[in-house]
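Residue numbers (my numbering), protein chains in the order written: chain C, 1 to 247; chain Y, 1 to 247; chain L, 1 to 247; chain U, 1 to 247; chain H, 1 to 247; chain S, 1 to 247.
Hints in this document: simulated from the structure, not taken from any laboratory. Just so it is clear, CB atoms sit at the ideal spot from N, CA and C, and this is done for glycine as well. There may be inaccurate statements among the hints.
[Unchecked claim] Ranges of calculated distance between the beta carbons of each label pair, as one might list FRET restraints:
#	chain 1	residue 1	chain 2	residue 2	range
1	H	D103	S	I75	23 to 33 Å
2	U	N9	S	R52	44 to 54 Å
3	H	Y178	S	R216	29 to 39 Å
4	S	R52	H	S182	15 to 25 Å
5	H	S182	S	K195	18 to 28 Å
[Stated by the list, open to error] Once the Cα atoms are required to be at most 20 Å apart in a straight line, the calculated SDA-like pairs of lysine to any residue come out as:
#	chain 1	residue 1	chain 2	residue 2
6	Y	K80	L	G81
7	S	K22	U	Q179
8	Y	K227	Y	N9
9	L	K80	S	K82
10	S	K80	H	P48
11	L	K56	Y	E206
12	L	K82	H	K80
13	C	K82	L	G81
14	H	K22	L	G81
15	H	K151	H	T111
16	L	K80	C	I75
17	U	K80	Y	R76
18	Y	K151	Y	Q238
19	U	K148	U	K80
20	L	K82	C	Q106
21	L	K80	H	G85
22	Y	K227	Y	K80
23	U	K22	S	E17
24	C	K82	U	G81
25	C	K148	C	Q106
26	Y	K151	Y	E206
[To be verified] Covered, in the sense of this in silico footprint (three residues per stretch, anywhere, with C-beta under 8 Å from a C-beta of chain S), are these stretches of chain U:
#	segment
27	88-96
28	108-118
29	158-164
There are 6 protein chains.
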Amino acid sequence: MRESGREVNQLRPIHLETNFTKHPEGSVLITVGDTKVICNASIEDRVPPFMRGSGKGWITAEYAMLPRATESRNIRESSKGKVSGRTMEIQRLIGRSLRAVVDLNQIGERTIWVDCDVIQADGGTRTASITGAFVAVVLALGTLMDHKKIKSIPITDYLAAISVGVLPDGSEVLDLEYQEDSIAHVDMNVVMTGKGEFVELQGTGEEATFSNQQLRHMLDLAEGGMKEIFDIQKEAIQSYHDQMNIS
Amino acid sequence: MRESGREVNQLRPIHLETNFTKHPEGSVLITVGDTKVICNASIEDRVPPFMRGSGKGWITAEYAMLPRATESRNIRESSKGKVSGRTMEIQRLIGRSLRAVVDLNQIGERTIWVDCDVIQADGGTRTASITGAFVAVVLALGTLMDHKKIKSIPITDYLAAISVGVLPDGSEVLDLEYQEDSIAHVDMNVVMTGKGEFVELQGTGEEATFSNQQLRHMLDLAEGGMKEIFDIQKEAIQSYHDQMNIS
Amino acid sequence: MRESGREVNQLRPIHLETNFTKHPEGSVLITVGDTKVICNASIEDRVPPFMRGSGKGWITAEYAMLPRATESRNIRESSKGKVSGRTMEIQRLIGRSLRAVVDLNQIGERTIWVDCDVIQADGGTRTASITGAFVAVVLALGTLMDHKKIKSIPITDYLAAISVGVLPDGSEVLDLEYQEDSIAHVDMNVVMTGKGEFVELQGTGEEATFSNQQLRHMLDLAEGGMKEIFDIQKEAIQSYHDQMNIS
Amino acid sequence: MRESGREVNQLRPIHLETNFTKHPEGSVLITVGDTKVICNASIEDRVPPFMRGSGKGWITAEYAMLPRATESRNIRESSKGKVSGRTMEIQRLIGRSLRAVVDLNQIGERTIWVDCDVIQADGGTRTASITGAFVAVVLALGTLMDHKKIKSIPITDYLAAISVGVLPDGSEVLDLEYQEDSIAHVDMNVVMTGKGEFVELQGTGEEATFSNQQLRHMLDLAEGGMKEIFDIQKEAIQSYHDQMNIS
Amino acid sequence: MRESGREVNQLRPIHLETNFTKHPEGSVLITVGDTKVICNASIEDRVPPFMRGSGKGWITAEYAMLPRATESRNIRESSKGKVSGRTMEIQRLIGRSLRAVVDLNQIGERTIWVDCDVIQADGGTRTASITGAFVAVVLALGTLMDHKKIKSIPITDYLAAISVGVLPDGSEVLDLEYQEDSIAHVDMNVVMTGKGEFVELQGTGEEATFSNQQLRHMLDLAEGGMKEIFDIQKEAIQSYHDQMNIS
Amino acid sequence: MRESGREVNQLRPIHLETNFTKHPEGSVLITVGDTKVICNASIEDRVPPFMRGSGKGWITAEYAMLPRATESRNIRESSKGKVSGRTMEIQRLIGRSLRAVVDLNQIGERTIWVDCDVIQADGGTRTASITGAFVAVVLALGTLMDHKKIKSIPITDYLAAISVGVLPDGSEVLDLEYQEDSIAHVDMNVVMTGKGEFVELQGTGEEATFSNQQLRHMLDLAEGGMKEIFDIQKEAIQSYHDQMNIS
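One chain only, chain C, in its complex shape (with noise of 0.2 Å):
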């Protein structure tokens, strides 16, 4: 048992709030235990300048932290101006993940811009930014379906994210919170499609290290958090399930 009571294999409370806010084309809060995340994704009716002509779309997310989202304040990073190693490497990890259960061929030479803001962090905000923010781009290509402007929504798969570790006791927990997360000695982020296969797997040892069997460990209980995860998107996504072009 943890800290927290939860059992090793138990995730926290999870939560899609979908039409968060009013201007985007597709808005979800996303709630994973006491951390919250704004994904927002918005349709951009251009690509970046290397695409244009391909008659191929685009995806691009950028992920951010309110100043104190987290215990402490963080300075913000306009006030710096630049964007950190960490953000940079979480915002290219969203990206990337999305890109690649979305069909950018069926959706024409727009781009897609996915906004993943953390107003309260509570660890795990990069797997919950990926776990919301496909729910928001379901309902951003959703609302360009309703205007007429593709027929069906081109994603070929759910997507989700979620952590598993490796405590200082030595065992393997599910959904690491934030006390957990800062003491680990292994943390790794699972991105999976509906059908179990892997997107990214991104392990770390802190000062650490850990064995073959370790990872085996850790994997299944992704594997098993997944589940309940991709039952929760697609109750938040019903209305557009049938729509979506799942093979």
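Starting from the structure of chain C, add chains Y, L, U, H and S where the hints point.
Same frame as chain C, but now just chains Y, L, U, H and S:
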């Protein structure tokens, strides 16, 4: 009557949700019609270098909008690598306004960081930020008092802000929403104290001008709106009202 | 009587030296007491991208101080790599004010760049910049007319600015010099047209507030000062006066 | 068989030239096929501000490519004025990996700066950097030991990295060169210790996904390649081998 | 004879207006033909971190042009967010030149900031800056002496600069104005002391080259011009001449 | 005799390794004593915007040092986010020098990017860069000729650079190494053509001055050294020698 059905002297519905996020010493979500701003006040136990040893505290404010707070997506200031002139103007205004009602001598060598993050914009984001930030600062100082670090809340008066303007038909109106703001000939932001004194007055003719008489009408509208806003603030912070140093 | 011996409603001596440097289409050195600002207006035969094809022109202003324009040396903004919030605020104010009296439809797709460079500062640099910049713009448009590129000078009215304020002893005064400005409780900048309409009104309590009555007194002082300033402007540009489109 | 004639489980030739340049405490040129990286380790006798007084040391890594290390010239990051997300990701990975095998408590308040500069790129620059950097750090700590500043080399295990991936034909391969990397469906970087534990595992589907079985195959290939790399490292630093603290 | 009517060895009229602005310890407006530069020297009572405790002083120079000092407007370096290579080269040259004749051991731990701001440019701005800056520094040190902070003016010799060049017709000329400078095949800046020693020599073939003989001719021209310039400097600072430490 | 045992007019051993890396059109590693610089020349099939349509080509140079090229580690300019004045000065010098001997009219609308990256520094890095860059440019133009894009190598003469200086004991010496450079009273860089004409001459007194006679001595030393360097260059590019357009 205005397009929205409001009277010229009618505010949009205003709501203050206190303790909106869990980490800040003071946290407020202010809603003014469709404008929504998270106002967080953080206490840091030190002051900027130029004030060390003075025994006095400091208040500074930062303001930002989520990229898709607006109808079309704005580029993130952290991506551009610099803060725009508009943002700087607004955050200087918020900080200056708050300093007019906080007795910095009474808070010790501490900095109050006020972060106003607009999650949905529909006109009046800077005035909503000031009105919400005031409440967040009271809550943060209340936290400081609850922790026995100060004996009372060193705030000398209530503080709120509202916009007034002149529409193309020549009518003066209170609390402009975005659709009005974008076509107004004159736009004026008024920051006042609970006793009805001015803290800031910023009136701008947008490729237009205004007369002394129009100025007087606008100030009357502002004064009327302020009374309602102060009542809403009082309700939100009633538990701290008696600990404030209002003379 | 003020420390300088001036009456509360007395301006400092104002001088406008036209054609101060040889390259700009319009060049003015404005002297207000010990404050000296070079105001240069440059005509560029194109507009920013967002205005191309509109048939309209644009005015934009930049403001800077020599590092040693002030009592102690300031770090150059080019060395810091960014423009301060104060500078941005001032250059936005200058540009906005000029746009209120120039008919941008009449100047074709041209940009007027106004550069206000303070070579010696003693309070009131932003108001001196506006007063001098107006004259530089008239001269630049006069040059354009002399070159047969426009038929008249598309300026709809005179434009000038002055500061007023409240000193610690409670007296309202006109045209604050640095020593007064640095201790004033209230500082207000007023931008007006020749017909006496407001273009901008920016009043700020410096950790203080002001009443409606004080506001009225300050505006009366400003109006009195403006009359004298317009006379000095008229003398400086008298050769162009009849070609201006003042209704 | 691969286009280059290599077997799926065959490494490119690896060479480590120690003492490549004269100034650094540890200097290595690592060659992996046509990929060449200069890995320099510098000892600085102080730590970053947040670690002062801790008695512990720090390791940090920087990574860059010469503009023409690649087939077409890249713009220099110093000219762009900022470091790309890819560069940040790589230098964070190198630093984190090294910290897993260096006992920072044993090096005193010193910083080890590791600079990996790619002079010729042909795929696998980040894994070559880690493999070479490990040797450079051992040499630098050896220099410190030779100067009697530490008694032994506080390194707890060998460390190396290699890439594995899935080619379009579905075959899993070891040590991708650029031509393979640019078309691979899956790209995975594995960082391991001499004892065969994972330090980092980063697998990415490039607009594709991978199964649990593919993951296992790739990890088997990586493990095989690692054994050869450790032998090459051991030969390069054999004079220091016995002074290392490998348990 | 040159287009301007000047002889090949004839300087343009040079004028030095001392005490041009009121705040700096030393302030000079230098006019060389149509080139005008404000040279201000400021004394700061501390040195950069790397010199603290050395007992020595420091001189550093900054150079800038008003945007419309030139025939067409230049973008302000503060707007671009960085200083150009040309500006850096010039300010390094000015600082280095001055350090050759100021005895930094005699001024205590003080920094002399020299600001050269070109308000009108017509060729030779960097040499005019050096010639004017020397006088500003003498005045600033004179102020320091007048305030009893130093006993004499620790300047070891006069210092001035002039340009020479080779025109397309092959003639060597002294003191090039902009029209000549823009077509010259060779451009050389010479910085000399009152005793006729070189401090700096920077000769550049602009997509051209020059022979040893041309070099000698140009140096002769420079030497001749220098004599006149030193006389003008002496007149400007005659009241301080006897307090200078010229051996 | 100098500390290193060299005569005052003796160069350090110079070596040119051509085709040092595989991607650039021209690649050279130049070694001058312990100074080592990679000089890569890249051909890009377009010119900067301001030259489009001119039919002419362009050459531009960039210079950098690996952080640990020097005795103590330097902060990377990409991390600082800006290029230092020293770097800018050097890269402007390299580009300007090369343009003096390349006939830009003959290379078509192409840009030659020259990258000089110092991997080990021991004085004279900028002169070594020029000497090596010349060879890299010949090789790159040779590649262009080999690909039938130009008919001959449009280079009008050889080009090399060397430093000379005055040591504290008053002796003039050729080719200063770091230990000499750091104490020299005078430092002069000379760039010459094969015919013995000057391209650049940059002499600097470091808080010191130099006489006309010292100048002549230094130029004689430089001329002597140049002859040897040209021989080494000729050997390195002998296969292309006859295709060069040397008159």
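Hints and how they fare:
1. D103(H) to I75(S): 23 to 33 Å: Hint holds: Cβ distance 32 Å, inside 23 to 33 Å.
2. N9(U) to R52(S): 44 to 54 Å: holds (51 Å)
3. Y178(H) to R216(S): 29 to 39 Å: At roughly 32 Å between Cβ atoms, R216(S) and Y178(H) fall inside 29 to 39 Å, so the hint holds.
4. R52(S) to S182(H): 15 to 25 Å: Given a distance of about 22 Å, which is inside 15 to 25 Å, the answer is holds.
5. S182(H) to K195(S): 18 to 28 Å: holds (27 Å)
6. K80(Y) to G81(L): holds (14 Å)
7. K22(S) to Q179(U): holds (15 Å)
8. K227(Y) to N9(Y): Satisfied, since the Cα-Cα distance of roughly 12 Å is no more than 20 Å.
9. K80(L) to K82(S): Status holds; Cα separation ~12 Å.
10. K80(S) to P48(H): At roughly 19 Å apart (the allowed maximum being 20 Å), P48(H) and K80(S) satisfy the hint.
11. K56(L) to E206(Y): holds (16 Å)
12. K82(L) to K80(H): holds (8 Å)
13. K82(C) to G81(L): holds (13 Å)
14. K22(H) to G81(L): Violated. K22(H) to G81(L) sits at ~27 Å, over the 20 Å cutoff.
15. K151(H) to T111(H): Roughly 17 Å between the alpha carbons, so the hint for K151(H) and T111(H) holds.
16. K80(L) to I75(C): Between K80(L) and I75(C) the Cα gap is close to 19 Å, so the pair holds against 20 Å.
17. K80(U) to R76(Y): Holds: K80(U) and R76(Y) sit about 19 Å apart, inside 20 Å.
18. K151(Y) to Q238(Y): holds (17 Å)
19. K148(U) to K80(U): violated (42 Å)
20. K82(L) to Q106(C): Violated, at roughly 43 Å.
21. K80(L) to G85(H): holds (16 Å)
22. K227(Y) to K80(Y): violated (40 Å)
23. K22(U) to E17(S): Within the cut-off at roughly 19 Å; holds.
24. K82(C) to G81(U): holds (10 Å)
25. K148(C) to Q106(C): Holds: K148(C) and Q106(C) sit about 13 Å apart, inside 20 Å.
26. K151(Y) to E206(Y): With a Cα-Cα distance of about 47 Å, the restraint between K151(Y) and E206(Y) is violated, given a limit of 20 Å.
27. 88-96: violated (count 0)
28. 108-118: holds (count 3)
29. 158-164: It is violated: at least three residues are needed, and the segment 158-164 of chain U offers just 0 whose Cβ sits closer than 8 Å to chain S.
In this structure, the earlier hints numbered 14, 19, 20, 22, 26, 27 and 29 are contradicted, and the remaining ones agree with it.
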